[in-house]
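Chemist: Sequence:
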Amino acid sequence: SITLRPCSLTPPSHSQFLSKLTLLAQSARKDSSFTVTIKRYDGHDRPKPREGKPPLPTPAEYSCLIRARSGAKKLSTVVKRDEVAKFMESYSKVLKSSMDGLKKVKKVKNKAKAAQG
Numbered sequence: 001s002i003t004l005r006p007c008s009l010t011p012p013s014h015s016q017f018l019s020k021l022t023l024l025a026q027s028a029r030k031d032s033s034f035t036v037t038i039k040r041y042d043g044h045d046r047p048k049p050r051e052g053k054p055p056l057p058t059p060a061e062y063s064c065l066i067r068a069r070s071g072a073k074k075l076s077t078v079v080k081r082d083e084v085a086k087f088m089e090s091y092s093k094v095l096k097s098s099m100d101g102l103k104k105v106k107k108v109k110n111k112a113k114a115a116q117g
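Position 110 of the sequence shown, counting from 1, maps to 110 under the numbering used here, and the rest follow consecutively.
Hints were generated in silico from the structure; no laboratory data involved.
None of the values given here were measured: they were computed from a predicted structure.
Possibly wrong hints are sitting among the right ones.
[Said to hold, decoys possible] Taking lysine-lysine and the DSBU-like style, the derived pairs with C-alpha atoms no more than 30 Å apart in a straight line are:
id, residue 1, residue 2
1, Lys53, Lys96
2, Lys103, Lys73
3, Lys39, Lys104
4, Lys96, Lys30
5, Lys107, Lys93
6, Lys86, Lys96
7, Lys107, Lys20
8, Lys30, Lys20
9, Lys93, Lys20
10, Lys96, Lys73
[Claimed, not checked] What follows is a set of in silico ranges between Cβ atoms, one per label pair, in the way DEER data are often shown:
id, residue 1, residue 2, range
11, Ala72, Gly43, 26 to 34 Å
12, Leu23, Pro49, 38 to 46 Å
13, Lys109, Val84, 38 to 46 Å
14, Val108, Val84, 36 to 44 Å
15, Ala72, Lys39, 19 to 27 Å
16, Arg40, Lys73, 50 to 58 Å
17, Ser13, Lys73, 16 to 24 Å
18, Ile38, Asn110, 32 to 40 Å
19, Gly52, Lys30, 50 to 58 Å
20, Val105, Leu23, 24 to 32 Å
21, Glu89, Gly52, 17 to 25 Å
Heads up, the beta-carbon is just placed ideally off N, CA and C, and yes, glycines get one too.
Using the sequences and the accompanying hints, generate a full structural model.
Modeler: Okay, here's the thing in structure tokens:
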């Protein structure tokens, strides 16, 4: 018989996540890109049950699941509702500091020139 054990891996703290995200952005600056996704997280780590089975309980409050990826490197953390504002402030500082190599997009003045390419 198969026994299921709870996963002992805990997501890194917010400061650890942000420092690893800084390193990920610096390594991606040289040769690739990185992607960050933010979504609502309800605390469930398994899919919805099939029909006829009891549904999963709804959480009292939702959290944010934040994932970052560059190539095979992946990071994630869960931010509770009370900590979102503080985390986003630190997160925006990290993004601003790591996006200094962007090129400015030139605007086309005439619509006819824009249609030609």
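Chemist: Hints first: check each against the structure and report whether it holds.
Modeler: Evaluation of the provided hints:
Proximity of Lys53 to Lys96 is assessed by CA-CA distance (about 47 Å); at most 30 Å being required, the pair is judged violated. Only pairs whose Cα atoms come within 30 Å are accepted, and Lys103 paired with Lys73 is accepted, the gap being roughly 25 Å. Of the pairs offered as hints, the one joining Lys39 and Lys104 holds, with about 29 Å between alpha carbons and a cut-off of 30 Å not exceeded. For a cut-off of 30 Å, the pair hint linking Lys96 to Lys30 stands: about 17 Å separates their Cα positions.
As the CA atoms of Lys107 and Lys93 are separated by approximately 27 Å, the hinted pair is consistent with the 30 Å bound. Distance hint between Lys86 and Lys96 is fulfilled; the C-alpha atoms sit about 16 Å from each other, no more than 30 Å. Proposed proximity of Lys107 and Lys20 is contradicted: the alpha carbons are some 35 Å apart, above 30 Å. Straight-line distance between C-alpha atoms of Lys30 and Lys20 comes to about 16 Å, which keeps the hinted pair within the 30 Å bound.
Taking the CA atoms of Lys93 and Lys20, the gap is about 14 Å. The hint holds against a cut of 30 Å. With a C-alpha separation of about 21 Å, the suggested pairing of Lys96 with Lys73 holds against the 30 Å cut-off. Taking the beta carbon of each, Ala72 and Gly43 are about 27 Å apart, inside 26 to 34 Å as hinted. Taking 38 to 46 Å as the suggested C-beta distance range, the pair Leu23 and Pro49 conforms, at roughly 39 Å.
At about 41 Å, the beta-carbon gap between Lys109 and Val84 stays in the expected band of 38 to 46 Å. For Val108 and Val84, the hinted distance range of 36 to 44 Å is satisfied, since their beta carbons lie about 39 Å from each other. For the hinted restraint 19 to 27 Å between Ala72 and Lys39, the CB-CB distance of approximately 21 Å keeps it satisfied. Range check, Arg40 to Lys73: Cβ separation about 24 Å, and the 50 to 58 Å hint is violated.
Look at Ser13 against Lys73: about 18 Å separates their beta carbons, and that is inside 16 to 24 Å. Take Ile38 and Asn110: their Cβ atoms lie about 38 Å apart, and the range 32 to 40 Å holds. Our hint of 50 to 58 Å for Gly52 and Lys30 holds, since their Cβ atoms are close to 53 Å apart. Hint check: Val105 to Leu23, Cβ distance near 28 Å, so the stated range 24 to 32 Å holds.
Take Glu89 and Gly52: their Cβ atoms lie about 46 Å apart, and the range 17 to 25 Å is violated.
Comparing the model with each earlier hint shows violations of hints 1, 7, 16, 21; every other hint is respected.
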